[in-house]
Structure formats: structure tokens, C-alpha cells
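A.B. asks: Residue numbers (the working numbering), protein chains in the order written: chain A, 1 to 247; chain B, 1001 to 1310.
Please keep in mind that the hints were generated in silico from the structure rather than gathered at the bench.
One or more hints might be untrue.
[What the hints assert, rightly or not] Residues from chain B that keep clear of chain A, each with C-beta distances beyond 10 Å, as calculated:
no.	residue
1	Lys1003
2	Ile1098
3	Gln1145
[To be verified] Calculated lysine-lysine pairs in the DSS-like style (CA-CA distance at most 30 Å, straight line):
no.	chain 1	residue 1	chain 2	residue 2
4	B	Lys1180	A	Lys12
5	B	Lys1128	A	Lys245
6	A	Lys245	B	Lys1275
No residue lacks a Cβ here, since even glycine has one placed at the ideal position from N, Cα and C.
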Amino acid sequence: MNQLSMISILTKREFMSFFATPIAYVFIAIFLIMSGIMTFNLGSLFERGQADLLPFFNFHPWLYLFLVPAFAMRSWSEERRSGSIELLMTLPITALQAMVAKFVSAWLVLGLALVFTFPLWATINFLGQPDNGVILAAYIGSWLMAGAFLAIGICMSALSKSQVVAFILSVSISFLFVLSGTEAVINSFKGVLPTGAIDVIASLSFIQHFDSIAKGVIALNDVGYFLLVIVSWLTAGLVIIEDKKAS
Amino acid sequence: MIKIKNLTKRFGDFVAVNDLSFDINPGEVVGFLGPNGAGKSTTMKMLTGFLAASSGSISINGLNIKEDALTIKQGLGYLPEGAPAYGDMTVLQFLSFIADVRGLTGRKKQARIARVIKSVELASVLDKSIENLSKGFKRRVGLAQAIIHDPKVLILDEPTDGLDPNQKHHVRELIKNLAKDKIVIISTHILEEVTAVCNRALIIANGTKIFDGTPQQLQEKSSYHHAVTIELTQEVENGDELKSLPHVTSVVDGKNKITVLPTSGQNIFASVYDKVQALGWQFDAIYSEQGRLDDIFRELTTASTNAADA
């Protein structure tokens, strides 16, 4: 059997498992409710009088910061706690295939949550003439960013049998990635670090890369950045799970 | 066939498996015995490629577990300790998933699933979530998963743990029927299981092999092998008269029950029988014992533990 068909079998199982338990429903519901509240109350979508979805997308990094780690914390922790990892790893599969399957299945659920926000898009199109190209770019950017949060969460989940520990670790690390782009952080480093170092810190920021995609420019460096973050954290997770699977 | 050479596994300072070597040929059903913590599960985990050995080598059908793990895993069925599975799946979903991973498709997949459902009797729980099943059913789901692709090598870590006597019997029959040209390795601490299904017994304690032979040979090591037990109708003074018989080492007195132990390899049934007749004792039963596995197990494993402690 080739790699891809094995990954698709494993992905299917993981995906079904999100819906066999309330996890996927809860995640999607909370995501929709929270993003609705933030968009209309905090972001004042209507009061702004502009036909775009910026108030909606602006809150995504902060929403993902807590929701995605909660969604991802189970992926490896649960396998290790229940012992099913022993079953999984003695099937004729590789750890890489399992890792990819876990990521892809969860990423699809995150994508599904984004798809379900379409009423918002329909509303804006009903009320005005937004640039749908920009909105599509922002959706893609948001999904990529969600993937980056997810990769961190899965890696931390590989690290600990305890889901709570995995959650706290991944929120903390994700927070650093979100924070590194905020003005507060940049300003506090100004004068202390050389400009080059500040640029590096700022360039690690999820927000900065997401914002530039959300403006409608799907630039290679922004997409590449998120893909790199995803691959790096999943690779780290793979090393960890190979090392820790039996402990 | 399986060849294990100088297999060692260390966890930090603790040596779980210590320089273990043995070969297993097709057709052998090996009972892997030992006290808890002896290294049984660790050895099985290494055999299935789940754990990497600290040193030594494992080869299965000519392939090395380090280099050809994937190929080896394809021909291997494994029931891990505690029979873990994906609790949120139904039994049928789970078996279907395993069949997919095992590369079974179409009619063949359906036929194989139907066959394992029948052979481990899962028909009544097919649409139940695995997490809601009783311990016995969970164990059987684990067993079904291990045999669904008809593997050449089957490794079962405590396959009858948590089953009731009927289910135990059923699983043992299943294993016996499987094992014509396969290698089956079963870990257990139920000794009767070894005589019931295995044609080879391997005892390990503290990670080292302390016995390797047929269950018959294991029984012969017992001081109760060919011992004669007399169940008396009435209590008698004592069994001292029997001590003077040739080849008798000792006489164990119980209430209404006397057991006469022979020197190793001697058959004393006839002489004991004659003597009891001559004494005019009334008895309900008189029989020759096979050997008490519990005793021999305790003897072998505690001797090894004491040696290790010393």
C-alpha cells in the first residue's frame, strides 16, 4: 500500500473520531459563537459602515490561541494515556503517516469551522460590495494560521500524557508567537535590541503574516512562513513521539 | 521463524530484559511465563517493533526488526497488554479500520471481518462503542483485530485476562485451531493455560530465561510429578507406613488425604496401591498426579529472584 492511501485511511479514522465524540461539534459551535460576539460587539462590524470582514478576521489569532490548543491537546496524549498508541504503532504504518493523519484530520475540522462562518460573508455581500478576493485570501490566511497553532498543539500533545499539561504548554508557546508581533512587544525591545533583531522577532509573529495575507496579498513568504511553522512543529512532535511512545 | 539473540532492554539503570536468546519455529505455540515485571511484556514490545532493544537482535522470517520493521509488522498480529482500542469507535468501525490498514479490500475484507466476528463471537456487540463494552468483550475485540489478516506470527499479551471460564475455554480453542503453521506467542500467568494450548513453555524471571521446554517437561520438574494421592474415606493415624516403600521420598499428610512423593522419574503407583490395599485402608480415590505447575513455577522464579537479590 502506498503512503498516501495509508495516510487517508488514518485521516479518515481521526476525522470520524472528532465527530463520534462531541469534540468537533463543541469546537465548531464555540468558534462560531465567539467569532460572532467578537465581530459584532468588539469589532463593531455594522457601525464601521465598511463592506469588509476585517473585524471578523482580526480576532482570529486570539480565538485560535485558546480554542486550537484545546482542540489539539487530545491527539497524542489520549493515545498514550489509553495505550492505543501501542496498537497504532504496531500496525504496518510509520509514525510519520500517523502524524500527518492527525494533523490533516484536525486541520480539516478547523477548515470546516471557517466554512460555517459563510452567513457572515453572505450578509456583507447582501449589504454592500466587498472585495471577495480579499475575503477569500483572509480565509486562506486564517486557515493557514490555524494550522500553525494546531501544529504547536499536536507537538505539545506528543510531549505529555496529560491533556491539561499539553494545553497549558501549547497556549504558552502559541502566545509567544502571537505576541511577538504586537506593538507592545516591539516597542519594549526598541532601543534595547538592534533593529535587525527586532525585525526577526516581529517576523516570527503570526499576526503580522496573517495581517498581510488578510489584506488580500497571498505572498509566498507569508504562506511559506506558516507552512514552515507547521512542518517544524510536526517534525519536532514526530521526534518526541518516537522517543516517548512507550514511556 | 523468530530468532532472538542476546536481547537486552534497559530503562535507565533498570534491566528489564537481560541477554535473552531463543528461536521459535513455525507451528510452535509458546507460553511465555513469568512473574509480574519479569520482562514478558517488554520482550513482546520489542518483538513487535514498538520498543527498540538496547542491544541484541531480533529477526523474524529472516528480516531484522530494525531495518524491515514495516514488512515485519505486515505479517504480525499483536494483542497488546490490556487490549487497547479506540473507545469512541463501534466494534464494526474499528475492525473495518484495522482491515483497511491491513490492506484488505472489497469482498476479501468483508469475508475476513465476518470470519473474525464469528470466531471470537462479537456479533451481538457490533454497533456498540468499544468503551462501553465489558472487559471480556474488549479483550475479544483486541483478539479479533490481531487475527483479522491471518498473520504468520501472532503475539498475544495475556489474551485470556479478564475472561470468564467459558470465554477462556473458547479463546484457547481458537488459538489451538489457529496454530498449525504459525508462530504463536502467548504471555500469561495462568499455568493451566500453558498445558492447555502451548507446545512449548518459556519461563523468564528478572529478564532472564530460566526454563525452556515442553509443558510436559515443566511438569516433570515438579516434585509432584507421578506423585500418588489417596483420598481416604476415614482418617488414618498417619501415612508413615508408605514412607518405607522403595523410591518414596516423602509423604504429605492432609486431612483425609495423603500424597506420596516419588524420587524423580520413578513410577510408584502400583506399589503404593498394593500397600494401601494391604493396610486395608478405605479410600474414595487414588490417583497419580501430573505435577503441580504452581509449585514448580514458584520454585523456579523465586530461586531466580533470590539469586538476583543476593
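A.B. asks: Does each hint fit the structure? Answer for all of them.
C.D. replies: Against the structure, the hints come out as follows:
1. Lys1003: Check passes; 19 Å lies beyond 10 Å.
2. Ile1098: 7 Å, violated
3. Gln1145: The claim breaks: B:Gln1145 does not keep its Cβ more than 10 Å from every Cβ of chain A (closest is about 7 Å).
4. B:Lys1180 x A:Lys12: Outside the cut-off at roughly 36 Å; violated.
5. B:Lys1128 x A:Lys245: Holds, at roughly 28 Å.
6. A:Lys245 x B:Lys1275: Answer violated: A:Lys245 to B:Lys1275 is near 64 Å, above 30 Å.
Of the numbered hints stated above, those contradicted by the structure are hints 2, 3, 4 and 6, listed in ascending order.
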